Amino acid sequence: MTRAAEAIDPVGDAKAFRDYFIKKFPKVKLEDFVNGPYSLNEDMRKQWEEKEEFPPYEFALDAGKEMFAKPFKNGKGYADCFPNGGIGIRQNYPYFDEKEGKVVTLELALNRCREANGEAPLSYVKDDMASLTAYMAFTSRGKPMNIKIPNDPRALDAYENGKRYFYTRRGQLNFSCANCHVQNPGERLRAEILAPALGILNAMPIYRSEWSGMGTISRRFMTCNSQTRAEPLEPQADEYRDLEYYLSYLSNGLPISGPGARP
Amino acid sequence: MTLSLDRSIVTRRLILRGAAAVALIGLGDLPLPALAAANDRYPEDAFKQKSDADAIKSLYGKSAEASDKVKLDAPEIAENGAVVPIAVTTTLEGVTSISFLVSENPNALAASYVIPEGTLPSVANRLKMQKTSNVIAIVEAGGKLYSATKEVKVTVGGCGG
Amino acid sequence: MASTIRVRATSSGENTEVQALVQHPMDSGYVKDAQGAIIPAHFIQQLTFEHGGKRVFVADWGPAVAKDPYVKFSFKGGQKGDDLKIGWVDNKGASDSTTAKIG
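Protein chains in written order, with the working numbering: chain S, 1 to 263; chain Z, 1 to 161; chain U, 1 to 103.
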């Protein structure tokens, strides 16, 4: 079975993906998958609900709101770089940029905005980038993920590239993303309960108790690689961008729940 | 505007200077009701104790009896030992103090709360647990001590190790 | 600079429920940094709540309280629009305070 012989079929993939998880967890409401391990474990859910009453990402959210509103040195702001002033648009990211021919993520777009306005780029993994994306996710809370794949062979390739990354085993532990998040969601891996891949990015960025702080999609991809003893890629490497594209597309229709809290 | 914080800082300095009898004598010299200040004194010594028994003794000077009127809410397995939501509520009357201890932590006493009259005997907080341990809630009511205990399993230790 | 204290105080008419989240590292003094040196203990020792000139709750904390500590309690009385004064002091002598309105 060669790749050339298979048509790239995101619509078919997404349906099959969703059906797989619905069948595996018949008691879980579709929109609840965005809550990761909390959708699959009662004891953990209760702890999470108690913390959500006054969540640990509250400070990052406030910082993000302030940061977003603060003008650059040249007088412009983030609002100038994004549709609708950057409010309520997170669910559209990542998107395929047809001019560039590549996937553009929200984190990448934010740093490009900064650089276009004479500001130094932010670290992709935490702090300010996490605060900004936390705020932007918050303004989109409840909105369904809405990733588009234009009728462009390059976009389909990027999608397929992300899919390939997801299913490829790597690292000393020889795990693929799918081994944990498709085959074993709800199971324990050492001390953690594995999250289902469906909706897995909808809660980003997240406050992790393990990090005692916030982390972005970039951070999570890199640490997942390290944890399986694979070489982490550079933040916003092509594979990561494509992976984010693939995973987000499969979660279309599920609500944005970010910023989130996780163990 | 002075918050009762100020009194606590002053009394704590008295304690640190070794004024052992401050509870009975020293506070009388301060321009505030001795009872209120005594209740607000930061229990530095209790926090230094290792075992829960020693911490309770230091804090209250008596021992507790288990009571089903003290309802302790804690998870079976903490999702992460760094942030464990734990709450207690009680139907006992005349509650003046509520404390939480984690037996296996390096120092058992985690938190202690002053419940003035008019405040409900119910507290929710988030604690760190180093490893699987008993969590003990102590309620002081009508001058006596009551407790509830629950074992909380911890797989990812909360002390950053 | 924004206060480190976030408060949500709601009156049900009879009781006021208070939730507070405070931004503070609550370092236990048991954790080492990347270089292997102990990060010194740095934690809030006392957090006090006052309403109508009367203290309604005092939290005595040790380093085993979680980072960015949270506490919830309720007291009788308190009406919408009332002031609730909150202040903390930590083991290094630093402090912060704020006044919140009961909603």
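If you're looking for bench data, these hints aren't it; they were derived computationally from the structure.
All of these numbers come straight from a predicted model, not from anything done at the bench.
Be aware that one or more of the hints could be misleading.
What the hints assert, rightly or not - Cut-off 35 Å, straight-line C-alpha distance, at most; resulting in silico cross-link-like pairs (DSBU-like, lysine-lysine):
{"#": "1", "chain 1": "S", "residue 1": "K27", "chain 2": "Z", "residue 2": "K153"}
{"#": "2", "chain 1": "Z", "residue 1": "K62", "chain 2": "Z", "residue 2": "K131"}
{"#": "3", "chain 1": "S", "residue 1": "K65", "chain 2": "S", "residue 2": "K24"}
{"#": "4", "chain 1": "Z", "residue 1": "K50", "chain 2": "U", "residue 2": "K80"}
{"#": "5", "chain 1": "Z", "residue 1": "K69", "chain 2": "Z", "residue 2": "K153"}
{"#": "6", "chain 1": "S", "residue 1": "K126", "chain 2": "S", "residue 2": "K24"}
{"#": "7", "chain 1": "Z", "residue 1": "K48", "chain 2": "U", "residue 2": "K80"}
{"#": "8", "chain 1": "S", "residue 1": "K46", "chain 2": "U", "residue 2": "K32"}
{"#": "9", "chain 1": "Z", "residue 1": "K69", "chain 2": "Z", "residue 2": "K131"}
{"#": "10", "chain 1": "U", "residue 1": "K32", "chain 2": "Z", "residue 2": "K144"}
Hint by hint, here is what the structure shows:
Only pairs whose Cα atoms come within 35 Å are accepted, and K27 (chain S) paired with K153 (chain Z) is accepted, the gap being roughly 26 Å. About 27 Å separates the Cα atoms of K62 (chain Z) and K131 (chain Z), which keeps this hinted pair within 35 Å; it holds. Under the criterion of a C-alpha separation no larger than 35 Å, the hint pairing K65 (chain S) with K24 (chain S) is inconsistent with the structure, at around 39 Å. Among the hinted pairs, K50 (chain Z) with K80 (chain U) is inconsistent with the structure: their alpha-carbon atoms are about 43 Å apart, more than 35 Å.
A distance of roughly 24 Å separates the Cα atoms of K69 (chain Z) and K153 (chain Z); the hinted pair therefore holds under the 35 Å criterion. Only pairs whose Cα atoms come within 35 Å are accepted, and K126 (chain S) paired with K24 (chain S) is accepted, the gap being roughly 34 Å. Restraint check for K48 (chain Z) and K80 (chain U): not satisfied, since their Cα atoms lie roughly 40 Å apart, outside the 35 Å limit. Between the alpha carbons of K46 (chain S) and K32 (chain U) the distance comes to roughly 31 Å, so the proposed pair stays at or under 35 Å and holds.
Taken as a hint, the K69 (chain Z) and K131 (chain Z) pair is honoured in the structure, with Cα atoms around 27 Å apart against an allowance of 35 Å. Simply put, K32 (chain U) and K144 (chain Z) have alpha-carbon atoms about 40 Å apart, too far for the 35 Å limit, and the pair is violated.
When the structure is compared with the earlier hints, violations turn up for hints 3, 4, 7, 10 and for no others.
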